[in-house]
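S.K.: Turn these sequences into a full structure, and let the hints steer you where they fit.
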Amino acid sequence: MNTLKYQSQAVAKPYFVFAMILFVGQILFGLLMGLQYVVGDIVGGLIPFNVARMVHTNLLIVWLLFGFMGAAYYLVPEEAETELHSPKLAIALFWIFAAAGVATILGYLLVPYATLAHITGNDLWPTMGREFLEQPTITKIGIVVVALGFLYNLGMTILKGRKTAINMVMMTGLIGLAVFFLFAFYNPTNLALDKYFWWFVVHLWVEGVWELIMGAILAFVLIKVTGVDREVIEKWLYVIIAMALISGILGTGHHFYWLMTPAYWQWVGSIFSAIEPLPFFAMVLYAFNMVNRRRREHPNKAATLWALGTSVMAFLGAGVWGFLHTLAPVNYYTHGTQITAAHGHMAFYGAYAMIVMTIMSYAMPKLRGVGEANCNRAQVVEMWGFWLMTVGMVFITLFLTGAGVLQVWLQRLPESGEALSFMATQDKLAIFYWLREIAGVVFLLGLIAYLTSFFVKEKKAA
Amino acid sequence: MSERFTKGMARNIYYGGSIFFFLIFLALTFHTTKEMPKRDHRENITESVVRGKALWEDNNCIGCHTLIGEGAYFAPELANVYDRRGGEAGFKAFFNGWMKAQPLNIPGRRQMPQFNLNDQEIDDLAEFLKWTSEMDDNNWPPNIEG
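From first to last, the protein sequence lines stand for chains R and Z. Here the first sequence is numbered in this note's numbering, starting from 1 and rising by one per residue. Here the second sequence is numbered in this note's numbering, starting from 1 and rising by one per residue.
A few of these clues could be false.
Unchecked claim - Here are some chain Z residues the structure puts well away from chain R; computed CB gaps all over 10 Å:
#, residue
1, Gly-86
2, Glu-88
3, Gly-90
4, Phe-91
5, Lys-92
6, Phe-94
7, Phe-95
8, Asn-96
9, Gly-97
10, Lys-100
11, Ala-101
12, Asp-119
13, Gln-120
14, Ile-122
15, Asp-123
Unchecked claim - The list that follows gives simulated cross-link-like pairs (lysine-lysine, DSSO-like), each with its CA atoms no further than 30 Å apart:
#, chain 1, residue 1, chain 2, residue 2
16, R, Lys-88, R, Lys-160
17, Z, Lys-100, R, Lys-428
18, R, Lys-163, Z, Lys-7
19, R, Lys-459, R, Lys-301
20, R, Lys-5, Z, Lys-7
21, R, Lys-160, Z, Lys-7
22, Z, Lys-38, Z, Lys-92
Note that these hints are calculated values from the structure, not bench results. If you're wondering where the values come from, they're calculated on a predicted model, not measured in any experiment. Every residue, glycine too, gets a C-beta built ideally from N, C-alpha and C.
M.R.: What follows is the structure, given as structure tokens:
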């Protein structure tokens with residue numbers, strides 16, 4: 001049963017499918033790293049921790065990008081009320097991006113990183129070896145090419161169609177994503193400058209323009225599943241992203257406390273990042289309000305669950321866990337501990353992994369020709385996936401927070417001479433790391449349930 | 001309230017507010033980069049420090065360690081390792097021995113890989129870590145353990 005409004009929306013499907021394949025890889029490498037935290041020498045010679053981590057974080061970033069692209073290809077034509085400018089270009093870019101992504105990950109796994117840097121000419125234009133920006137320069141150039149083609153395709157679509165607020169916000173977010181990525185090519189020999197502008201990619205992505213993308217996707221799904229008036233939903237979308245950027249841009253300052261920067265950043269960063277939880281709290285109120293005021297009963301209950309879930313988990317992970325260590329006097333002690341890891345895990349899952357699964361949950365039944373929604377049995381399995389992954393992530397975050405608090409207590413708070421060394425502290429945290437690993441296994445079970453739900457069919461009547 | 005507060009007003013707050021705060025951000029960034037030379041001691045960036053930073057990157061050290069609190073949380077902070085492991089008197093000797101002893105192969109302990117750096121490269125990396133340790137990062141970390 002074909003329920004797609006515009007046939008070119010179908011190009012979103014390979015993006016979503018490939019995103020899920022990468023997601024599985026990300027989680028498997030995450031479990032490996034979790035184990036390396038407690039059994040340090042496990043497969044150490046074969047897959048050193050730094051390689052596993054690079055694969056884990058890069059797979060996350062790339063699958064989210066695939067998810068955002070799939071979301072854009074799905075929602076932009078529907079919002080613009082016209083077919084996508086060029087479905088062929090979208091498919092071509094899919095294969096280019098997928099091939100570049102796979103080649104890069106294989107490069108990480110098959111040769112030592114220094115060899116990869118050497119054979120990809122990193123000495124000619126060094127951009128590698130910085131956290132999250134480990135990709136060879138040639139891959140980075142490929143990402144820019146794919147992004148340009150992608151933005152061209154969407155831009156042309158919007159130009160000839162309806163310019164809704166959702167489309168404009170989505171487009172601004174995606175353009176911002178591409179523009180700020182350009183700072184990945186700036187790698188001065190002065191570490192002080194390098195670190196400062198590195199945050200122009202990392203912070204202005206996840207606490208800036210990505211929030212626009214998240215807001216636009218959430219607004220789109222809420223309109224679809226609740227039937228609430230577009231004017232109302234778009235108004236609150238603007239309010240939320242206004243708060244997000246007004247707090248988030250100067251909130252970048254919370255990364256500048258301990259760089260070679262003037263001390264006023266400790267005030268600017270503390271004040272503005274203290275406001276950063278607000279847009280996420282507003283998002284919770286907004287999502288629940290819209291669902292309560294719904295004018296239709298959409299058969300896709302799972303999509304509604306994801307939409308509500310992402311708002312709550314983004315608020316907890318990005319908002320609450322971010323605030324926990326964002327004030328400069330606190331951050332002085334917590335910076336670069338397991339507290340940061342705890343926050344990073346829940347924030348990425350809540351805000352970005354879940355928003356991609358929200359749009360997938362809504363769009364995949366239509367993309368696969370199933371109809372408005374999956375059958376009830378499939379939705380029940382999908383909801384099992386939702387709860388197991390979400391509860392798993394809550395416990396991962398709690399155990400890492402426990403580890404972080406103890407780490408700060410043992411290693412950071414005492415004076416020099418009394419404080420435990422890093423490695424001695426890590427030994428004391430082992431119980432938390434073991435529990436985190438168990439929570440990680442629960443997360444994997446949730447992911448398996450989630451993926452299984454795509455294959456569950458209604459029982460045939462006897 | 002919801003009637004009087006329109007979508008248009010919300011949109012204007014979004015565009016106006018974002019642009020306003022982004023301009024402030026750019027102005028502060030401009031000021032910060034002007035102030036930075038006093039704190040990063042860039043006059044001490046020698047050829048050796050530059051090579052050391054390239055080695056730091058080419059071997060993905062940030063994949064396990066933190067440097068001024070940023071990176072992975074699997075292995076010790078290295079922005080102050082120069083001070084922690086001997087400083088002027090003993091760091092270079094310690095560091096050369098340390099790099100050559102890897103992996104330590106202590107059962108169950110986290111393993112640092114062997115990067116096969118020669119003496120010149122180890123010295124460059126040490127110079128990079130020394131320069132890093134001398135930057136003014138607003139007095140972080142709280143103690144010598146990093």
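S.K.: A separate judgement is required for each hint: does it hold in the structure or not?
M.R.: Structure-based check of each hint:
1. Gly-86: The claim stands: Z/Gly-86 keeps its Cβ more than 10 Å from every Cβ of chain R (closest is about 15 Å).
2. Glu-88: holds, 18 Å
3. Gly-90: Holds, since 17 Å exceeds 10 Å.
4. Phe-91: About 16 Å separates Z/Phe-91 from the closest Cβ of chain R, which puts it past 10 Å; holds.
5. Lys-92: holds, 19 Å
6. Phe-94: holds, 15 Å
7. Phe-95: holds, 16 Å
8. Asn-96: Since the minimum Cβ distance to chain R is about 19 Å, Z/Asn-96 lies beyond 10 Å and the statement holds.
9. Gly-97: Given a closest Cβ separation of 17 Å, the condition holds.
10. Lys-100: holds, 17 Å
11. Ala-101: Fine: 15 Å to the nearest Cβ keeps Z/Ala-101 off the interface.
12. Asp-119: At roughly 17 Å from the nearest Cβ of chain R, Z/Asp-119 sits farther out than 10 Å, so the non-interface label holds.
13. Gln-120: The claim holds: Z/Gln-120 sits with its nearest Cβ about 15 Å from chain R, beyond 10 Å.
14. Ile-122: With a cut-off of 10 Å, Z/Ile-122 remains clear of chain R, as the shortest Cβ separation is near 14 Å.
15. Asp-123: It holds; Z/Asp-123 is separated from chain R by about 17 Å at its closest Cβ, greater than 10 Å.
16. R/Lys-88 to R/Lys-160: holds, 18 Å
17. Z/Lys-100 to R/Lys-428: holds, 28 Å
18. R/Lys-163 to Z/Lys-7: holds, 14 Å
19. R/Lys-459 to R/Lys-301: holds, 19 Å
20. R/Lys-5 to Z/Lys-7: holds, 26 Å
21. R/Lys-160 to Z/Lys-7: Between R/Lys-160 and Z/Lys-7 the Cα gap is close to 23 Å, so the pair holds against 30 Å.
22. Z/Lys-38 to Z/Lys-92: Between Z/Lys-38 and Z/Lys-92 the Cα gap is close to 26 Å, so the pair holds against 30 Å.
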